[in-house]
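J.: These protein sequences, in sequence, are chains A and B. For the first sequence, our numbering begins at 1 and goes up steadily by one. For the second sequence, our numbering begins at 252 and goes up steadily by one.
So the derived list for chain B, only partly shown, Cβ under 10 angstroms to chain A, looks like this:
no., residue
1, S676
2, S679
3, E680
4, F684
5, Y685
6, R687
7, G690
8, S692
9, E693
10, A696
11, N702
12, F704
13, C705
It is worth saying that the hints were derived from the structure and are not from the lab. Predicted model, so just to flag it, every value in this text is computed and none were measured. Heads up, the beta-carbon is just placed ideally off N, CA and C, and yes, glycines get one too.
The chain contents come next:
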Amino acid sequence: MLSIKNLSARAGDHDILKELSLEVGPGEVHAIMGPNGSGKSTLAGVLAGRPDLEVTGGSVSYRGHDLLAMEPEERAREGVFLAFQYPVEIPGVNNVYLLKAALNALRKHRGESELDAFEFLALVKDKMKLMQMDDSFLNRGVNEGFSGGEKKRNEVLQMAVLEPTLAVLDETDSGLDIDALKVVANGVNSLRSAERSMVVVTHYQRLLDYIVPDFVHVLSGGRIVRTGGRELALELEERGYDWLRDGADAA
Amino acid sequence: MASGQQDVEQLVARKYQHGFVTDIESDTVPPGLDESVIRLISRKKGEPEFLLNWRLRAFEHWLTMAEPDWAHVRIAPIDYQSISYYSAPKKNTDGPKSLDEVDPKLLETYDKLGIPLHERARLAGVAVDAVFDSVSVATTFKKRLKDAGVIFCPFSEAVQEHPELLEQYLGTVVPTGDNFFAALNSAVFTDGSFVYVPKGVRCPMELSTYFRINAANTGQFERTLIIADEGSHVSYLEGCTAPMRDENQLHAAVVELIALDDAEIKYSTVQNWYPGDENGVGGIYNFVTKRGDCRGRNSKISWTQVETGSAITWKYPSCILRGDNSVGEFYSVALTNNYQQADTGTKMIHLGRNTRSTIVSKGISAGHGQNAYRGLVKILPTAEGARNHTQCDSLLMGSDCGAHTFPYMEIRNPSAVVEHEATTSKISEDQLFYCRQRGISEEDAVNMIVNGFCKEVFRELPMEFAVEAQNLLSVSLEGAVG
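Here chain A stands alone, though its shape is the one from the complex (with noise of 0.2 angstroms):
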């Protein structure tokens, strides 16, 4: 699915993943934990295709395509998603028709008829019952004055829309309060399917309470210091990351 080798990557003169390198199969849900600064969200960023972001070396390969080759929509297109740390807001904009818009852009490049708005809308509620989400929600401007918590939320509901081939999650959990943070882990938990890999960064293994994931691996300097399975995120919690720092004790 994703074939991650020695990538390094650098935002402005700070050079930040260095020779990172991570597989990651169809099906599989990936945790990507570290301290800050470490590079998780760089890493999330790149493969999305950040255009702050430069990438000085390494590959990465997307079922059989070069990635980083690709235009950031024509990743989206082939169903690379990445659930924003940061959501940006766009006023006047509806929620509803950047949505539509996306979806209907997917379809089209899967050569599949786009949807009218009343096929739409109805799929669309049908998600948003999942993420107990109410109506209101289709008219705001995007990300227009939501808290935190409902920014993440409008985050899944997009990607359960969307329904993407690989999801990167970067700290989906950051600001949200436990009651969220089992809507927004439950959205996720739907999604899992044995076609659809996740890459999800997170500070706190909390999350991986909810959404239990196949493979943990630690980041730390930029690259992976360590990987394991969901044990080694309770090991963290227990320890902290200094005993990992800068690879010292690189798996």
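With the hints as your guide, set chain B onto chain A.
T.: Just chain B now, kept in the frame of chain A:
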């Protein structure tokens, strides 16, 4: 990822779509302006004495005036003696009695512009008056309007058919000596549209005038007068285009609106004059005086404008809120790209009690465009309980453009409540990336974001124009995102 800029450049390469010239023989007077030209125009139009004298007074006044220089625009000097003040498509008869007599080349021109003049065409429900250079070539749906009692005709026809209405109302909102360009217009205006909606009548359809400058080295000086009598209601749209030429052409129109007791006038403009090329060569100088007089109690005048064309736009559609409880509104989207300049806004003059005004201005600057909002809210001592809300937002695209705001407020009644909000923002990389990450192309994302920015104004436009305005914006935008 580096190709973002290239996409933008490709977008920039999109061209003005209405830049063709119609090859039609025209009757054009030689360039130059003196009293004899004014007498000639008046004679060609067969005008009554009072109108000729009115023109001559305006001309005399104009000679004493200097071109204003306070706007935030750079203008090459205009040689008023090198402009031809009258140009009309040649015709054999005295004027078309019906569309069948209109020169097919003209009908073709308007078809190309998407304004079919044949009444059976798809624009059903909108009556159109088409002004080509200095004269009106066709007015549609006359019969149906006449049945409702509505007068909608070329200005020159109103001069013949309804001189008493003209004598009563012409120049009562914008006096001949109001300003330099209004005085010039009053002296040399050639045609335009005239609307009278009688008492208690709700005009059964949208009225629309389509202005087209075709001939070279001419100016267009049209005059529009709309009178909504007591309790009546009318919605009027105007659209404008011109061929691409290297010289600047002057368009100095005057629009006067008069709303009597309980009457309402909604005036919408989609202005797409030729803006000049990407280096700022050519384009229309759009220096227009538009003013509405809420003369009666509970009257309402609403201006909505989408200004995407012209090399220089200089206009302030204003409302004089004279009647008690009268309402003035101004909704504006002004877009400047390449080297376009716009200095536009409104004046809300509150005289009556409990008068209310709303101003929503959206300025979009791209390329080297310069966009200024200039507005005056004036509350006079008689305007007990007056209210104004002004919202003024600027959107910048790229780093070579400018947005400027010049709000003036003169409050002379302590009971007034005046609010002013202003924002300036850029289309952020984050917004674009967010949309692209959802599979939406950069071009579509820019259009979506800009349309979102303009939403409050677009929803004021009649349905037929809202779609046109959105399309126009996306063509004119050339998403210069830096």
